[in-house]
Amino acid sequence: MQLTPQQIEDAAKELYIRALKVLPPDIKSGFARIDATETTPVAQGIIKTMLRNITVAEATDNLLCQDTGMPIYNVVIGRDVAIDGHALKEAIRRGCARATREYPLRSSVVHPITRRNEHTSCGPEVPVIHLDFNDAAETLSIEMIPKGSGSENGSFLKMAIPAEGVNAIKTFVIDCVLSAGGKTCPPVIVGVGVGGTSDLCVHLAKRAATRPLGSRCTDPAGARLEEELAAAVNSLGIGPQGLGGDSTAFAVHIELAATHITMNPVAVNMQCHSARRARATFTPAGLEYGF
Amino acid sequence: MAHVDLTTPVTEAQMRGLRVNDTVTLHGTLFGIRDATQIHMFDRARRTKFDLQGHAVIHTAPNVKKVPPSPEHPAGYAPVCIGTTTSDRMERFTGPLMTREGVRIIIGKGGMREGTLKAFAEIGGIYLAIIGGTAALETTWIEQIEDVDMDDLNPESLWKFRIKGFGPLLVAMDSHGGSLYETVNQDAAGRRAAALAGLGISA
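Top line first, the protein sequences correspond to chains A and B.
Number 40 in the working numbering belongs to position 40 of the first sequence; there are no gaps in the numbering.
Add 291 to a position in the second sequence, counting from 1, and you land on the number used in the working numbering.
Take these hints with a grain of salt, some might be off.
What the hints assert, rightly or not - Using 25 Å as the maximum straight-line C-alpha spacing, the simulated PhoX-like pairs for lysine-lysine come out as follows:
| hint | chain 1 | residue 1 | chain 2 | residue 2 |
| --- | --- | --- | --- | --- |
| 1 | A | Lys-28 | A | Lys-48 |
| 2 | A | Lys-48 | A | Lys-21 |
| 3 | B | Lys-455 | B | Lys-340 |
| 4 | B | Lys-340 | A | Lys-21 |
| 5 | B | Lys-356 | B | Lys-455 |
| 6 | A | Lys-48 | B | Lys-455 |
| 7 | B | Lys-340 | B | Lys-356 |
| 8 | B | Lys-340 | B | Lys-357 |
| 9 | B | Lys-357 | A | Lys-21 |
To be verified - Cβ pair distances, simulated, as ranges:
| hint | chain 1 | residue 1 | chain 2 | residue 2 | range |
| --- | --- | --- | --- | --- | --- |
| 10 | A | Ala-59 | B | Lys-455 | 13 to 21 Å |
| 11 | A | Arg-224 | B | Gln-477 | 25 to 33 Å |
| 12 | A | Glu-125 | B | Pro-362 | 14 to 22 Å |
| 13 | A | His-111 | B | Lys-340 | 22 to 30 Å |
| 14 | A | Ala-163 | B | Val-295 | 52 to 60 Å |
| 15 | A | Ala-36 | B | Glu-413 | 42 to 50 Å |
| 16 | B | Thr-339 | A | Lys-48 | 31 to 39 Å |
| 17 | A | Pro-112 | B | Lys-409 | 43 to 51 Å |
| 18 | B | Arg-307 | A | Ala-36 | 54 to 62 Å |
| 19 | A | Asn-167 | B | Thr-474 | 37 to 45 Å |
| 20 | A | Asn-167 | B | Gly-308 | 44 to 52 Å |
| 21 | A | Phe-133 | B | Thr-339 | 46 to 54 Å |
| 22 | B | Arg-338 | A | Asp-61 | 50 to 58 Å |
| 23 | B | Ala-480 | A | Lys-48 | 26 to 34 Å |
These are calculated hints, taken from the structure and not from any lab test.
Note that this is a predicted model, so its numbers are computed, not measured.
Note that beta-carbon positions come from the ideal geometry of N, C-alpha and C, so glycine has one too.
Just need the whole structure built from these sequences, with the hints factored in.
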C-alpha cells in the first residue's frame, strides 16, 4: 500500500476536528456507568450536565470542550506500507495547522519562553508525533488526542527506590489524586506509568491515561493494581469537579516497563472526563474514521 | 440553598446575601479573562478600557471566528465554542482583580484557595462553579461577543460577552468563609489513611 503526504495531511486535519466533537463510545459507556452508580446529589447533577453537554455538542455540531489541548498524533505503521517518513511528519504538522486555521480552532499552543502563539496549534516539537510499527498487513493508523491542559497539569513523576516497594507506587498515586483535587476536571482516568526510565515512565502514564475505558493492563500484576487503585481513589470522595461524590475516576490505568535494579519509578498523568480521541485507519480498502 | 437570577453589575449586598450551595443564573454582561490577561494587567500594569466594577469574570479563552464587524458581531468575532478553564492557576490575581478593578463574581472550575476566600470576605464576592468540559452547553448561554480588549493576547484577550440565562451555577465559595472545595479537600485528606490501609499500607 502506497500513501501520499496529501492523504496524511487531510486525515490529520479531519482527525483533530473529529476528536474535539464526538466522545468515543467507551467514554460514553463510562458516563452511563457512573450516572447509574453515583450516590451524591450534587455529583449526580454534575454528571447529568456533562451528559447533556455531550448531546448538545453532537446536536449543534460543536466542540465538546473549549480546550483544543495539546495535539498528539500516534502513528502505527504496519507491514508493506510505503510512505516517506519525513514527509509523513510534515504532513501531520500541516494538517494540524490547517484544522486550526480553517475550522477555526483556538490555538492553545505557545512558545514556552516567549509565550508567542502562532495560531496554528504548532510550535517547536508540537504537534507531538509518536511513530510505532506493528505486523498488521498494509495498515497505517493515526490516533489523534487533543490533550486538555487542566488534566495535563496533573502530571507527576517520582523516582522511588526499590526499598520503598510497590507501596511507594500506591501511595504516590493516592497523593497525586488528592493534590489534583478538582483541578483536573474529574471524573478522570488516572494514568499510571510504572518502571522504565524517567522519560519512558512519564510516556507510559500518558499512554495509560489515554487508553480506552474497559481495557486492562496486559500484565497481570499491573491489571490487579489497576483494580485496587481504582477502588482506593474512588473512596477519597473528591467527586466530579472536586465538589464531592463517589465518581472521582472512571478508572485507574497502568502501563509498565522493565526497570533498573536500583530504580522504582512511578508517574501519573490524568485524563479529564472529556477524554477525546479519534482514529484514522488506512488500508487498501480506503480510509476509515473511528476511535 | 436558594436560587437567584442576577443581572450584572451586582452590589456588595447581593454578594453578602449568597452562601455556598445557593445557585445563581446570570444575565447581562460577562467578561472573559485568563492567565495572560491577568499577567499583563497586574504584573505589567496594563489597564483595560472596560469598567469591571461590580461585574462577573469567567476564566476562559474561547474558540472564535473572525468575521466582518456587523450589528450581530460588533467586535468582529463570532463565538465558536466558549468554555471554562481551571481557576487555581489564577489564584494570586483575585485580590487585585477585586480591589483594583471592582470585580465581584468569578466563574471558573476546580475552585480557588485561601487568598480568594479572604478577598471575598473582605470585599464581598463569590465564586460560581461551572462544570468544566461542558463548553458546548455553555456556548448556548452566550448571545454575543460584544467587545474585546487586549486582543494582542488572543485567545487570552479580555472578552466582553452578552449573556442570557447563564447557569444555573453553584455558589462554591462565598463571602462568609464558605468553600465547598475546602470542605471536600479536607474530607478527602481525612480519608487518605483508610484508602492506604485498604491498599495494605499502614501509617
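Checked hints:
| no. | hint | result |
| --- | --- | --- |
| 1 | A:Lys-28 / A:Lys-48 | 12 Å, holds |
| 2 | A:Lys-48 / A:Lys-21 | 18 Å, holds |
| 3 | B:Lys-455 / B:Lys-340 | 23 Å, holds |
| 4 | B:Lys-340 / A:Lys-21 | 35 Å, violated |
| 5 | B:Lys-356 / B:Lys-455 | 21 Å, holds |
| 6 | A:Lys-48 / B:Lys-455 | 21 Å, holds |
| 7 | B:Lys-340 / B:Lys-356 | 23 Å, holds |
| 8 | B:Lys-340 / B:Lys-357 | 21 Å, holds |
| 9 | B:Lys-357 / A:Lys-21 | 21 Å, holds |
| 10 | A:Ala-59 / B:Lys-455: 13 to 21 Å | 19 Å, holds |
| 11 | A:Arg-224 / B:Gln-477: 25 to 33 Å | 31 Å, holds |
| 12 | A:Glu-125 / B:Pro-362: 14 to 22 Å | 44 Å, violated |
| 13 | A:His-111 / B:Lys-340: 22 to 30 Å | 28 Å, holds |
| 14 | A:Ala-163 / B:Val-295: 52 to 60 Å | 57 Å, holds |
| 15 | A:Ala-36 / B:Glu-413: 42 to 50 Å | 44 Å, holds |
| 16 | B:Thr-339 / A:Lys-48: 31 to 39 Å | 37 Å, holds |
| 17 | A:Pro-112 / B:Lys-409: 43 to 51 Å | 32 Å, violated |
| 18 | B:Arg-307 / A:Ala-36: 54 to 62 Å | 40 Å, violated |
| 19 | A:Asn-167 / B:Thr-474: 37 to 45 Å | 29 Å, violated |
| 20 | A:Asn-167 / B:Gly-308: 44 to 52 Å | 49 Å, holds |
| 21 | A:Phe-133 / B:Thr-339: 46 to 54 Å | 53 Å, holds |
| 22 | B:Arg-338 / A:Asp-61: 50 to 58 Å | 39 Å, violated |
| 23 | B:Ala-480 / A:Lys-48: 26 to 34 Å | 28 Å, holds |
Hint violations for this structure: numbers 4, 12, 17, 18, 19 and 22, all remaining hints satisfied.
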